[in-house]
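Residue numbers (the working numbering), protein chains in the order written: chain A, 1 to 324; chain B, 1 to 252; chain C, 1 to 282.
Since the hints were made in silico from the structure, they are not lab data. Hints are supplied without guarantee of correctness; some may be wrong.
[What the hints assert, rightly or not] When the alpha-carbon atoms are kept at most 16 Å apart in a straight line, the in silico EDC-like pairs for lysine to aspartate or glutamate are as follows:
id, chain 1, residue 1, chain 2, residue 2
1, C, Lys131, A, Glu283
2, C, Lys8, A, Glu220
3, C, Lys185, C, Glu170
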Amino acid sequence: MALKKTSKKQEIKKVFSKDPGPWNFYSRAGNKYFLMDWIFKKILFISGVSIFFLVLMIFIFLVLNSMPSIKEFGFRFFLSKSWDPVFEKFGALPFIAGTIFTSFLALLISLPFSLSISLYLGEFSKSGFFSGFLKNSIELLAGVPSVVYGFFGMFVLIPIVRYLEIKFNIEPYGVGIFTSSIILSIMIIPFSASLGREVIELIPQDIKEAGYSLGSTRYEVIKRIVLPYAKSGITAGILMALGRAIGETMAVTMVIGNSNVMPKGLFSPANTMASLIANEFTEAVSRIHLSSLIEIGLVLFIISAVFSIMGKIFIHKFSITENG
Amino acid sequence: MESDILRIENFYAGFGNSTILKNINFSVVENKITSIMGPSGCGKTTLIRCINRLHEFSPGATFSGKILLRGEDIYSINPISVRRKIGMVFQRPNPFPNMSIYDNVISGYILNGIHLSREEKERVVTTSLKKAGLWEEVKDSLHRRGTFLSGGQQQRLCIARALAMNPDILLLDEPTSSLDPKSTLLIEQLMEELKQTITTLIVTHNISQAARISDYVAFLYLGELIEFGPSNKIFTNPENKKTEEYLTGKFG
Amino acid sequence: MDNKNISKRIFKDRIFTVCVTFLAFIACLPLLGILFLIIKNGASSINLGFFIHLPKPVGEEGGGIANAIVGTFIVVGIAFLIATPISLLTGIFLSENRKSRFSEMVRVSIDILSGIPSIVIGIIAYLWVVKPMKGFSALSGGIALAMIMLPVVIKSAEETLKLIPYSLREASFALGVPYYRTVLKVILPTGFSGIITGVLIAVARIAGETAPLLFTAFGNPFMNFNITKPVNALPLLVFNYATSPYEQWHKIAWGAAFILIIIVFVVNILARMISKKWKVTF
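Isolated chain A, as found in the complex (with noise of 0.2 Å):
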C-alpha cells in the first residue's frame, strides 16, 4: 500500500517537474480549452521561432548572394585599392578605411559631448529647465530622420567646411570624411547620451554619498567613482554608438562625395560601405558587381550583429556589478 502511494508520487512528479509553469498545465483535463491552450501556445512559440528564423535566413541570403564575389576574389576582396565595375574587378578596401575613418572620428568627437550630457542629466541636474529642454532636445534629435540630417550637412555643413578648407588652404571639396563625422556625430550624440544616462543613474546613491562625505568635490566622485563605476556599461553605449555610425547611410551618402578611391586624408571625399551600396546597387548590372556589393552587405552585417552582441555583454556585465 506505501509502495503504491510513492510510486504514484513519483510519476505525478515527472508530469509536473518535467514542464514547470502554465506551460502544460491542462494536460490532464481532455476538454476544448486544453486545445485551444496548446494552439494558443504553439503559436507563441512559431512567432518566436520565426524571429530567430528571419536573422538566420538574412544571413545565409547575404552569404549565398555574395559566394560568386568571395569564390572570385577570396580574401583579395578586403586587401584590394581597386574598385572597377567597368574591368569587374573589385576591392573593398577603400571603403573599410572610409567606414572605419568616419566612424571612429565621429565617436571621438561626440564622446566629450554624450558624456557631458550624460552627466549632467545623470548626476547634476536631473529636473530644472534646461535639464528639460536638455532631454527633450536629446529625444527630438534621435527623432530626427537620417535623411533630414543629410540634407542639413548638404546646405549648411559642406559650406563652412568648404570656407574653412578655403582658409587653411586645403583643397575645397567641402564634401568628405571630415563633413561626414561631424554629421555622424551629431546623429550618435542623442543615442550615446541616453544610454550613458541610463547607466549613470544607475549606480547606487550610497557609493556616491561615502565619497562626498570623505570630503570629496564632485569632480572627484565623477572622477574616482562614478565613471570607473559604470565603465562597462559606459562601453557598451560605445560600442553600440560605433554601430551605429558604420551602419548609417543616408546621411553619409549626401556629404561623403561618392569617391571610389583610398581616402587620401581627412578633407578627401570617400565612401563608406554603406554609401557605396546606396549609390550603386540599383545601378549594377553584371552579376559580380551586385555580387561584391552584397558581400559589402554581409560584412556589415557580421559587424553589426558583433557589436550587438559585444554590447550586450558589457550591458550584462554592467548589470551584475550594480547588483553587487
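Place chains B and C on chain A using the hints.
This is chains B and C only, laid out in the frame that chain A set:
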C-alpha cells in the same frame, strides 16, 4: 444536518524535491467557516492554492493524494470547472485595472466568454455587490475603474467577483493581511453573513481572527496537520501540546 | 599649504562643471539649427497645392508631393500590418517564457536584427521580394520597413508585459479562465497603452527611413495605389530632390522635409501622450 463538502485525503504537495505539505487529512463542513492557521511558512497558502489548482502553476510543483469536492477528486476533473466551483480571494486585492467596477464583478463571465443578457448582468452585479457589502458605496460609480477604490473596497470587490460565479466554496488567502483594522472588521462581518449560503475556507496567521470568525479550525505546523476540530474545542481545550503552545504565543 | 590645496581642488571642480554644462549646451545647437532651417525653408514652400498636386518637371513652377505622402502611408501601413501581429505574439512569448534558453536565443536574434544597418535590410528585401517579383514595389518597401519595426515593437511589448503583476493572472485563473483567454483578455488589455506607445514610436522611426526604400519602393513620379508597383515616399523624395542640382527641387525637398519631420514629431508626441494618459495603475 451537517455534511462534508470537501475532503482532503493523504495529501502531499511540494516544489521540486522539497515537500511542503505532509499527509493532510480533514473535511470541510458545508456552510461553515473553516480557518487554516499556523505560523508563516507552514504551508497554509500552498494548501489553499492546491484546492483551487493554482499550485500547479508554480515551477516544479508536485503533489499527491486526493481532494474530493462532493466526492469527486478535483485533480481528475478539468481545472477550469474546479476553479469555477471554488472561488478564491488573494492576500492583496487584485481587481483588473483595465475594467470598470461593473465589469470587474462580471469578469468571470466576460473572460470566459459566457454571454449574459443585460438583465442577467444587472442582477449578477447588484446581488454580488450587495452580498459583498459594497453596493451602497459604489452604486453611483459602477463604471469607474476598480483601482480607484480603497484597499478594503478593492478586496470586497474581489470577493464580489468571486461570488458572482456562484461558487460552492470560497477560499480566502489571508484576505485582510494588507488591510486596516476597519476594513478587516467589515470583511469579517461579511463572512459571517455569507455563511448562510456558502462554505468558506480562510487562511490566516492571526489567531484572534480565527477565533472570532471560524466554526472549525485546522492548525498546520511545518507542513503537518497538528490538530483539526470545532473552534471552541481547539481554542479552549486543545488536544495537542503544539497547538496550545502556538495559541499561547510560545512560537509563530 | 592645505588650504591652498583645497581651493585648487574646488577650482578644478568649478572648471569641470562649467565644461560639462557648456558641452551639453553646444550639443543642442545642431537641433536648433536643423529645426530653424527646416521651418524657415520648409514652411514657405507649403500651401494647399503642395499636398494635392503631383511633382512637376524641372523648370515648371509649383507642383506638390501628394504621391510621396500617399506612398509613405502605403509603405508604412504595409509594415505596420505585417510587423504588429508578429511583434505582439513574440513579445508575449518572451514575457511568458522569461528564463528559457530558447527565449534567450530569440532575444539575441532581436538584438542582432535591431543592429543590422537599414541598407542591409534593403538588400534583403530586394533579394526576397524585388527579385522574385521582377520589379520594385511598395510591398517590398513595406516588408523592408517591417523588418526594422519588428525589434522595436517586440522589445517594448516585452518590457510592458513583464511589468504586469503576477497577481492579475492568478485572479483570472482563479475565475476558471483558460490560459489563452487570460493572456488575450487580461494581460494584453492591461499592457495596451504601453504596446500602442511602442508601435507608434516604431512607426515614427520607419516613416523617416530612406535607405531600405532605395531599391525596394524605389520612387515614382506619379500617384500609385498599386502595392505591386513602385511608389514614392517622403524620405526618398527628400533624398532625390536634395541631391539634384535644381534650385526649384531643393525648395520642394525642404517642404517635404518639413512635413516629414512634423509627421515624425507628431507621432512621437502622440505616443508620449498615450503612455501618460492611458497609463494603467496596478
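For a C-alpha distance cap of 16 Å, please report whether Lys131/C and Glu283/A respect it. holds, 15 Å
Pair hint Lys8/C and Glu220/A, alpha-carbon separation not exceeding 16 Å: OK: Lys8/C and Glu220/A at ~12 Å, within 16 Å.
Is it true that the CA of Lys185/C sits at most 16 Å from the CA of Glu170/C? holds, 13 Å
Every hint from the earlier list agrees with this structure, and none is contradicted.
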